[in-house]
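Peer 1: Okay, here's what each chain looks like letter by letter:
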Amino acid sequence: MQTKRMTFNHRWLPYALLAPQVIITLVFFIWPASQALYQSLLRQDAFGFNTTFVGLANFIDLFSDSLYLNSMRVTLIFSVSTTLLSMSISLFFAVLVNKMLRSRDLYTTFLVWPYAIAPAIAGVLWWFMFNPSIGILSYMLQSIGFDWNHRANANHAMALVVMAAAWKQISYNFLFFLAGLQSIPQSLIEAAAIDGAGRFKRFYSIVLPLLSPVTFFLLVVNIVYAMFDTFGVIHATTEGGPAQATNILVYKVFRDGFIGMNLGSSAAQSVILMLIVVLLTVVQFRFIERKVNY
Amino acid sequence: MVENKPWATVLAHLFLILGVAMVAFPIYVAFIASTHPAGSFVSGTMPLLPGGEFWNNYSTVITEGRSRAGTPPIGLMLWNSLLMALAITFGKLAVSLLSAFAIVYFRFPFRMLFFWLIFMTLMLPVEVRIVPTFQVVADLGMLNSFAGLSIPLIASATATFLFRQFFMTVPEEMLEAARVDGAGPFKFFKDILLPLSITNIAALFVIMFIYGWNQYLWPLLITTDQSYYTIVMGIQRMVTAGDSEPLWHLVMATVILAALPPTLVILFMQRLFVKGLTETEK
Amino acid sequence: MKKSFALGALTLSLACSQAMATTNITWWHAMGGELGEKLEQVAADFNATQDEFKVVPSFRGTYAETMTGAITAFRARQQPHIVQVFEVGTGTMMAAEAAIYPIYQLMADKGYEFDKEAFLPAVVGYYTDPQGNMLSFPFNSSTPIMYYNREAFAKAGLDADQPPRTWEEMVTVSQQLLESGASRCGFTTSWPSWLMLENFSAWHNLPLGTKANGFEGFDTEFVFNNATVSRHWDNLKTWQDQGIFKWGGPGSGADAAPMFYSGECAMFFGSSASRAGVLANANFDVGYGFQPYYSDVEGAPQNSIIGGATLWVLRGHSDKEYQGVAAFFDYLSQPEVQAAWHQDTGYLPITLASYELTKAQGFYEANPGSDTSIHQMTLNPPTDNSKGLRFGNFVQIRDIISEEMEEVMTGRKTGQQATDAAVRRGNRLLREFEAANR
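Residue numbers (my numbering), protein chains in the order written: chain A, 9 to 302; chain B, -14 to 267; chain C, 2 to 439.
Think of the hints as simulated: they come from the structure by calculation, not from any bench.
A couple of the hints might just be wrong.
What the hints assert, rightly or not - Only pairs whose alpha carbons sit at most 27 Å apart, straight line, appear in this in silico BS3-like list of lysine-lysine:
1. C/Lys111 to C/Lys321
2. C/Lys360 to C/Lys39
3. B/Lys175 to B/Lys260
4. C/Lys117 to C/Lys321
5. A/Lys107 to B/Lys260
6. B/Lys(-10) to A/Lys107
7. C/Lys117 to C/Lys55
8. A/Lys209 to B/Lys(-10)
9. C/Lys117 to C/Lys360
Said to hold, decoys possible - Examples of chain C residues toward chain A, derived with CB under 7 Å:
10. Arg76
11. Gln132
12. Glu408
13. Met410
As the list claims (entries may be wrong) - Calculated Cβ distances over 12 Å to all of chain C for the following chain A residues:
14. Val62
15. Phe71
16. Ser111
17. Ser191
18. Tyr212
19. Arg263
20. Ile284
Fair warning: this is a prediction, and the values are worked out from it, not measured in the lab.
The C-beta atom is built at its ideal place from N, Cα and C for all residues, glycine as well.
Required output: the full structure, derived from the provided sequences and hints.
Peer 2: Right under this line is the structure:
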């Protein structure tokens, strides 16, 4: 990792500066995380009276459980669709808005609203709109002859949570894309135009490559968002159903651990999630380090 | 733009208006629902035009001491959310600025270790490690307090990382000049680095504020005292009506009110936000 | 940098307000909405009768969230005095002997007379240990009944006073409703597992599990994958395809009630405690009926079983505080208090005296249908199959059951495949519970 060529020299100051962050991390993350790790090797009743050490049994159970593997598949489908949907819509909007001179702020104002809504509340809104009998959208779908029922149809349920989750993230992506577009020097585009490059050629050969750092950053942020922060959306809309069709990993941890009080299994699932996060982090970090140099 | 064909502009506007309509639709629905009397959606189809109960519903939500869902007054919940969001925001900014400063401007043993520690561990949301974290907070006696609501959420990988990225782009000459003037680390930080990072701070302020404002499961778990309820929690409470139907018109009025503060923050800081991000994300 | 002081200031603001003259009794509950209001009223009324104790109700989310919240709090020694736990959590609470203060013991310790004979047997049976001692206070018990739209019945040319009694009649009635255009669906259900498996089995006198549905030991096993249940689940799917039935979602079946209110479905199965909510939201005449049964099943109808919740007392507080808890329970058992609660909410009267009082007050005559639940629950003396159920980990198992029902509804499994799978998955959790509580 690079640093400044020139740095301050001080024996304890850097540690003092890092202390608040590190202490919070140790107390509220490392400690609980290590407890989760320990818990994942135990079998325990809800109140914590009887504890048995079971080794890796919780992990073995998970990986031999077709529902857990299903949950992984569901998470993959959900995260990828949510990320692609919200990023492509946002990019599209950002490119259009970036061209507007007078109306830019007006459009931006309207497009950032969903960002202000908490995921837990976004879920409530979408549930309200898609409620099979009182929802406005299911009513509209019904009137064009589409029988919407996310309670019984796994694909409808998945579509619903993807839409709700992606909707929530459009604003964030939009703002970043817009920022990225605005930082592209106009001269580059003009130069390309003089060389006779058309509208789409200019977009693909100049704008898109220059946006790639933003795009990559958003890609990771969105995947992390879809994997971890959409818990509220799912909780309020499908509760992981029907028949586990939208039960993503984080929601499963919550349901097994927090609702079902199956602490051993839920802790094992947390440990697996932590490993996934570490992996994502390494990927992101490697890439961004490289990008800074280019 | 280089060339502007009129039809392209019209088309772009058309798409944008359509897009805005799509994106804003759920919020529009919430607003419409908040202007109708109780039960007008449950027993039929949702209307698409505002009803006449705007003042009634909003004043009920705002003034009725204990709303029908057994939650504290909305003013208190909004205030709690604001306090929590601000504490988290300022806490995160302070903590991350300091750590980024240490990591970029000092060389010391275990620097990398600390960096990875901060970075790796903080991406896992509190939801998935909630039971042990709850226990830690309880052991520290921080249940039912603003400290418990905010401090565990203050550590931030994102902010630390973005500040680090920004500090890396600050020209080396700045530090050289400061050293020539005999400035120590604190003076350099306060007089040079902070003013330079103001737009980044503004951008992160928006992100962090919204993160803090929108917390749900954490406050739900660690507060049992009604005087610490936050607004997002309150809304969930109103929706979870047990064996009875939620009072949708009041729920939606609360949703709109709850969305106001973060929306205002975004709108007011939009300029700085975009600018701050542009500079960070070069 | 002033911002770094924010942290310190925050830590200082750690407030603690315990300095009050009265002894506070915390009561965690799961009743939002209108029921929550009534509950808070009960607490307020108790507080007004004396000034030594103050019961402080705190709404903790859904039943599942409330229970988990209390257990988590217990593990961190932050537990409330009283927690409201739904009936499916009974097994888990009962197994935690070191955590609970059985109420028969509490009342005796604090010098209150507590006659369990005064309670309705069907209610008490659910919450006593094998020796017949009451462990928790049956605060709000309900049983599922059928609500129907009398106006839709009339419109379809049906007798609005004659709700269908058997599933065979359900089908013909629904078909008539659909054909006449009186409604777009016949019926829907809330709490699918509670209705279409647990009560369904009790009502048909079929066992859910061995060992008297788990009452006689943790080594119980599920056996509900019988032909009758499987056939019923298959029928639900067939009926769904025909528009007779509509699935209202897993768990609590959150979409079911709105379908009834909007007039889409003409019949709706729900808790007897939903009565207030139904009357408030339905802008049509509502009728009440028993759950239907299959006429070819011997022994049906038996009696329905209860749901709802009881109040558990958690250990770890001072004697003085438990004195207050006992006083509060004593207050709750008074016939007037009970009768008012029953009449306001639709929950069952839990003492015989409050039932008699309600009858004497003429409430049932003035509110036809409000005693449907009691009649249905006391239709026959309970058998081993209809006394109730007591399984560990049942919160999760119920999720599994409604999930497997969803598999049937989405057409991926037959009724038999789904009941087999639910039994297999449920048994695994029962064994886990047994192992964890050995």
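Peer 1: Of the hints stated earlier, which fail here?
Peer 2: Going through the list in order, the structure violates hints 11, 14 and 19 and respects the others.
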